[in-house]
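Novice: These protein sequence lines are chains A and B, in that order. This note's numbering applies: residue 1 is where the first sequence begins, and numbers increase by one. This note's numbering applies: residue 1 is where the second sequence begins, and numbers increase by one.
You may find that some hints are simply not true.
[Claimed, not checked] Estimated spans, in silico, between C-beta atoms of each pair:
(1) S194(A) / E101(B): 31 to 39 angstroms
(2) H38(A) / P99(B): 14 to 22 angstroms
(3) Q189(B) / G197(A): 27 to 35 angstroms
(4) D142(A) / L228(B): 52 to 60 angstroms
(5) G119(A) / E218(B): 16 to 24 angstroms
(6) G197(A) / Y225(B): 20 to 28 angstroms
(7) Q84(A) / G269(B): 22 to 30 angstroms
(8) G119(A) / G117(B): 46 to 54 angstroms
(9) P180(B) / T107(A): 29 to 37 angstroms
(10) E183(A) / P221(B): 41 to 49 angstroms
(11) A80(A) / T268(B): 48 to 56 angstroms
(12) S223(B) / E51(A): 29 to 37 angstroms
(13) V106(B) / E183(A): 50 to 58 angstroms
In short, the hints are calculated from the structure, not lab data. Heads up, the beta-carbon is just placed ideally off N, CA and C, and yes, glycines get one too.
2 protein chains.
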Amino acid sequence: MALRTRTIFFLSDHTGISVETLGNALLAPFPSVNFERHNLPFIDTISKAEEAREKILENQHQTGLPPIVFSTLMDPVIRAITRQSDALCFDFLETFTAPLEQSLGVTAVREDIKVHGLGQANEYDDRIDAINFTLAHDDGVDAKRLNDADIILVGVSRAAKTPTCVYLSVQYGVRAANFPITEDDLEDQQLPGSLQGLTSKLFGLTISPTRIQQIRQERRPDSRYASLAQCQFEVRQAEKLFKRHKIPYLETTHLSIEELSTKIMQLTGVARHNRKL
Amino acid sequence: MALRTRTIFFLSDHTGISVETLGNALLAPFPSVNFERHNLPFIDTISKAEEAREKILENQHQTGLPPIVFSTLMDPVIRAITRQSDALCFDFLETFTAPLEQSLGVTAVREDIKVHGLGQANEYDDRIDAINFTLAHDDGVDAKRLNDADIILVGVSRAAKTPTCVYLSVQYGVRAANFPITEDDLEDQQLPGSLQGLTSKLFGLTISPTRIQQIRQERRPDSRYASLAQCQFEVRQAEKLFKRHKIPYLETTHLSIEELSTKIMQLTGVARHNRKL
C-alpha cells in the first residue's frame with residue numbers, strides 16, 4: 001500500500017528550531033504517513049503572515065486535504081492571520097503559556113523573545129569558544145591545551161569520536177576534545193603521554209569490530225587498517241585499556257551522536273554551558 | 001528584587017532533546033523567574049520512573065513549591081508514575097497526539113520511537129558524512145573536494161564562518177565548507193583560485209569592523225591583524241568583493257549561529273539532508 005501524504009507547515013517568528021523539533025517528535029509515531037514538510041521561519045510581520053497563509057491555502061486547494069500547522073508564533077495578530085484556513089493548527093505557545101503564567105504568577109513577555117538568538121552574551125560566547133576548542137582539538141591536535149577540555153573522548157579510529165565531540169560542543173557548549181589511541185598504546189596498555197594526569201576527563205568510545213571494519217573498508221578498501229583481524233585486535237585491546245585505567249566507556253555501534261552525547265553528559269556529570277538550549 | 005526560583009524537570013524516555021527544546025522555548029518569555037533545571041533522560045523502566053517521581057517529590061518538599069514538569073514520555077504506565085506529585089505537568093505527546101491521530105486517521109505507534117536515534121541508516125550516515133566533511137574543509141583545507149560541498153561560506157578571518165558551518169552540518173546535514181579571503185584577494189577583488197567555477201555555492205559572511213576588532217584583539221592583542229584600520233579595510237573590501245561577484249551575504253554581528261544557519265538555508269534554498277530533526 002502506498003503511503004499517504006500529508007503536508008506539514010512549521011511556522012515561527014524566529015529560527016523555527018523549537019517548533020520543528022517538537023513537531024517532528026509528534027510526527028515520529030506515525031511512520032505509515034509520508035509527511036511533506038515546509039519550514040516558514042522569521043514570520044515577524046503582517047505581510048509575511050499573509051504570505052504564509054497563502055501558502056497554506058494553496059496547499060489545501062492543491063491536495064484537497066487540510067494541512068497540519070505547527071506554530072510557535074507569539075504575536076496574537078500574526079497568529080490569527082496564519083490561522084485563516086482549514087488547517088489543523090497546533091500553537092505550542094498558545095496552548096501552554098496560560099497555565100505557565102498562572103503557576104508562575106507572572107505574565108509572559110511577548111515581544112522580542114529570541115530563543116535561539118545571541119541571548120546572554122557570555123553564555124553565547126562560551127558556546128562558540130567550545131565549538132572552536134573542539135575543532136582545534138580534534139584527533140589529538142594541539143595537545144598542550146588539553147587541560148582546558150571539559151571532556152576528552154578516547155578510542156580507536158572511526159569509533160565516532162569526532163562527530164560526538166562536535167555535537168557535545170554545539171548542543172551543550174562543552175569543550176570536548178578527542179584523542180586517538182595508537183597501536184603502540186594498545187600493545188603497551190598505557191595511555192598516550194599527553195593524557196597523563198587527565199584521566200578524570202577521559203571517556204572511552206568503543207564499537208563492534210564488524211561495524212568498524214565496514215566503516216574502514218569504505219575509507220581504505222582491503223587495507224590492513226580495514227581487516228577484521230586488525231579491528232578485532234584494536235577493539236579488544238582498547239576495551240582492556242579502558243578497564244585497566246578505569247575509564248568509563250560506551251559502545252557506539254547502535255547509538256546516534258545525540259544518544260551518545262546525552263548519555264555521556266548523564267554519566268560524567270559534566271556541566272553544560274548552555275543550559276537554555 | 002531577587003529573582004524567584006522555580007524548579008523545572010525535563011522527563012523523557014529517550015535523549016530529552018525535544019522536551020528540553022520546547023520546554024525552554026516556553027520558559028523564555030519569563031525572564032523575571034530563575035529556573036533551576038533538572039534533566040532526566042532515558043526514563044524507560046518503571047524503576048527509573050519511580051526514581052524520577054522521588055526526585056520531584058523531594059524537590060517539592062524542599063522548596064515548598066510545586067515543580068514544573070515537561071515530559072515527552074510515551075508509555076502511559078511510566079507517565080502515570082511520574083505524575084504522582086503536585087507538580088504542574090506538561091505532557092507534550094499526550095496533549096497533541098490524540099488530535100493528530102484523529103486528523104491523520106492513523107493510530108500512533110507507542111513503542112520504540114527514537115526521535116534522535118539512528119533512524120533511517122542512510123539519512124544518519126549522510127549527517128555524519130556532512131559533519132566529517134565540514135571538519136575536513138574548515139578554513140580552506142583540502143580544496144580539491146570543495147566541489148562536493150553543498151555550500152561554501154566565505155569571508156574575512158573571525159566572521160563566524162567555522163561555527164556556522166558546524167551548525168549547518170549538525171542541524172541540517174549540509175556539507176558546509178568555508179574558505180578564507182586573503183588580503184591579496186581583497187586588494188585584487190578576485191576570488192581565490194580554488195573557488196573559480198564554484199560561485200553558485202558561495203555565501204558571504206560579513207561583520208562590523210568594531211566587533212571583529214574586538215574579537216581579534218582578544219586573540220592577538222595590539223597586532224596589525226587586530227587594528228581597527230585593518231578590520232575596516234578588510235570588511236569594506238570583502239563586501240565590495242561579494243557585490244562584484246554577486247555573492248549573497250549576511251551581516252553576522254547581531255546574529256547567533258542558529259539564526260545565521262536558518263537564514264542561509266532560507267536564502268539559498270540548499271536542501272536539508274536531515275529533514276526530521
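Novice: Please go over all the hints and tell whether each is borne out by the structure.
Specialist: Verification of the supplied hints:
1. S194(A) / E101(B): 31 to 39 angstroms: The hint (31 to 39 angstroms, Cβ to Cβ) is violated, given that S194(A) and E101(B) are roughly 55 angstroms apart.
2. H38(A) / P99(B): 14 to 22 angstroms: holds (20 angstroms)
3. Q189(B) / G197(A): 27 to 35 angstroms: For G197(A) against Q189(B), whose Cβ atoms are near 51 angstroms apart, the range 27 to 35 angstroms is violated.
4. D142(A) / L228(B): 52 to 60 angstroms: Distance hint for D142(A), L228(B) is violated at roughly 29 angstroms.
5. G119(A) / E218(B): 16 to 24 angstroms: For E218(B) against G119(A), whose Cβ atoms are near 20 angstroms apart, the range 16 to 24 angstroms holds.
6. G197(A) / Y225(B): 20 to 28 angstroms: This hint is violated: roughly 34 angstroms between Cβ atoms.
7. Q84(A) / G269(B): 22 to 30 angstroms: Hint holds: Cβ distance 27 angstroms, inside 22 to 30 angstroms.
8. G119(A) / G117(B): 46 to 54 angstroms: Since the Cβ atoms of G119(A) and G117(B) sit about 29 angstroms apart, the hinted range of 46 to 54 angstroms is violated.
9. P180(B) / T107(A): 29 to 37 angstroms: violated (48 angstroms)
10. E183(A) / P221(B): 41 to 49 angstroms: holds (42 angstroms)
11. A80(A) / T268(B): 48 to 56 angstroms: violated (31 angstroms)
12. S223(B) / E51(A): 29 to 37 angstroms: violated (47 angstroms)
13. V106(B) / E183(A): 50 to 58 angstroms: Holds, at about 52 angstroms.
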